[in-house]
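Participant: Residue numbers (my numbering), protein chains in the order written: chain G, 1 to 152; chain A, 153 to 304; chain V, 305 to 456.
Note that these hints are calculated values from the structure, not bench results. Each residue gets a CB set at the ideal place from its N, CA and C atoms; glycine is no exception.
Far from chain G, by Cβ distances over 10 Å, these chain V residues were calculated:
(1) Asp322
(2) Ser324
(3) Arg336
(4) Val431
(5) Lys444
A short, non-exhaustive set of chain G residues, derived as facing chain A with CB atoms under 8 Å:
(6) Val41
(7) Ser42
(8) Ser43
(9) Ile44
(10) Leu45
(11) Pro47
(12) Thr91
(13) Met96
(14) Gly113
(15) Glu117
One-letter residues, chain by chain:
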Amino acid sequence: MLPTPKKFFLTAAGAEGDSSLTAFDNALLAGRIGNINLIRVSSILPPGAEYDPQLIIPPGSLVPIAYGYIISGEPGELIAAAVGVGFSADTFGVIMEFSGRCGRDEAEARIKGMLQEAFLSRKMPLVDIKIASVEHRVKKIGCALAAVPLWY
Amino acid sequence: MLPTPKKFFLTAAGAEGDSSLTAFDNALLAGRIGNINLIRVSSILPPGAEYDPQLIIPPGSLVPIAYGYIISGEPGELIAAAVGVGFSADTFGVIMEFSGRCGRDEAEARIKGMLQEAFLSRKMPLVDIKIASVEHRVKKIGCALAAVPLWY
Amino acid sequence: MLPTPKKFFLTAAGAEGDSSLTAFDNALLAGRIGNINLIRVSSILPPGAEYDPQLIIPPGSLVPIAYGYIISGEPGELIAAAVGVGFSADTFGVIMEFSGRCGRDEAEARIKGMLQEAFLSRKMPLVDIKIASVEHRVKKIGCALAAVPLWY
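So here's chain G without its partners, still in its complex pose (with noise of 0.2 Å):
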C-alpha cells in the first residue's frame, strides 16, 4: 500500500501571473509548495497525523494534498481560498476546501460550515479546527490558494 502520512501544516497565498498556470504556480511558490509535485487527495487527515508548520519537503516530493483555489482574469475581483481541518477527539479529522468570488471571511465560514456538517454525518463529535485561508485582489491575472499538505 501507499504510506499513510503522518505530519500535515496549512498554508494560504495569493498571486499574480502572465497567465492562469503561472499565477497558480506563483500563488505555490508564495504558499512554500511551489516545488513539489502536488497529488490532489479528498481528504482526510490521518489518525494520529502530527500539525508541523516548519516541515521542509525536498524539491521534486510528490505530495499528497487537499487544496481549493480560484484563479481570475477580471481586474479588481476579489476572490479567496481557504482550507480547514477538523479534529476529532482521537481518530481521523475531516479536510474541507473552499475557493470563491468573496473575501477571507465569507471563505472561513464556508469551511466551518462544511466542517460541521461533515461531522455530524459521521457522528462524531467536532473538537477543534485549523483554518488557513487568503483572500486576493486580481490585478490582471489573479490567483487565490488554500492547502493542508501530508507529508511523513
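Please build the complex by placing chains A and V on the supplied structure of chain G, with the hints as guidance.
Facilitator: Positioned in the frame of chain G, the structure of chains A and V alone reads:
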C-alpha cells in the same frame, strides 16, 4: 516505484448535502469510501487484481481510485453515475466512468459502450464486465457518485 | 514517503473517440500511456531525473504524470496540447502544460512563455527546454493531449 494495486471493488451512491462539497462527501460516506484519501486515477485494472467487495480500508489511507460524479443544485433533477470494469482474458482490464443528468439505465448503457470501444481500440477481447451505478433525485444539493477503489 | 521519480519522458498525441472519455483514452493509447494508471501531478521535475524516451512502464502501474489536454466535439475545429520541461543548471526543473483551440505553434509558444515566467519567479536560470506538442483537427469527438510521465 509506487506499488501496483492488487485488489478492487465497485461502489455507487447518491446523497444530499448543504453544499456541493458536503454532498460529495456524503455520497462518499454512503458508498463506504468517505474516510479515506482518494487519489484519482485514469484508469486501468492492474493484471491479476482480485475482486474483494468486503475490503476494509483503514481511515486516512491513500487510495488510488477511479470515479465519476455529478453534483446538481436543481431540485427535482435526476442525476446518475456509473463505473464499469472491463476484463480481458488474462491481462489488465479497463475502467470507465460516466455521470450525467439522466437515469441509471442510460448511465450503464454509456459505460458498456465505452468499455466496448476501449477494448476494440486495444484489439483485446472483452470477456466480462462489472458495473456499479446509482441514480439520485435531487432535493436541494445532490451528488451521484460511482467509483472503483484500488487497494492492496 | 512516496518515492520520488527518477526518470521521465515527453509524449503528445491526438485521437478521435465515440465519447469524450474514449477520445481521451485513445489519445493516451496513441501517446503510449494508455494502459497505466495516471496520477496527475502539478508539476516539478525532480532533481537528477533522467530523460528516457524508451521507458516501458508495466500495465496497471501507478504513474505520476503532468499533462494537459483538450476534448472537442466541434467537427473541423483545430485543437492543440503541449507540455514543456524547463531545466535548471543543477537542481529541479519545472513542467508546464497547455491546451487550447489553436495550432501547435501557438501551444508551444505559450509553453515557452510559461517556463520563462516560472524560472523568473524562482530566480533560477533556465538552461534548456524540452517540448512535446500536437495539434488535431476534430472529426467527431477529438482529443489533443501532451504529457510528461515520471517514473523510476
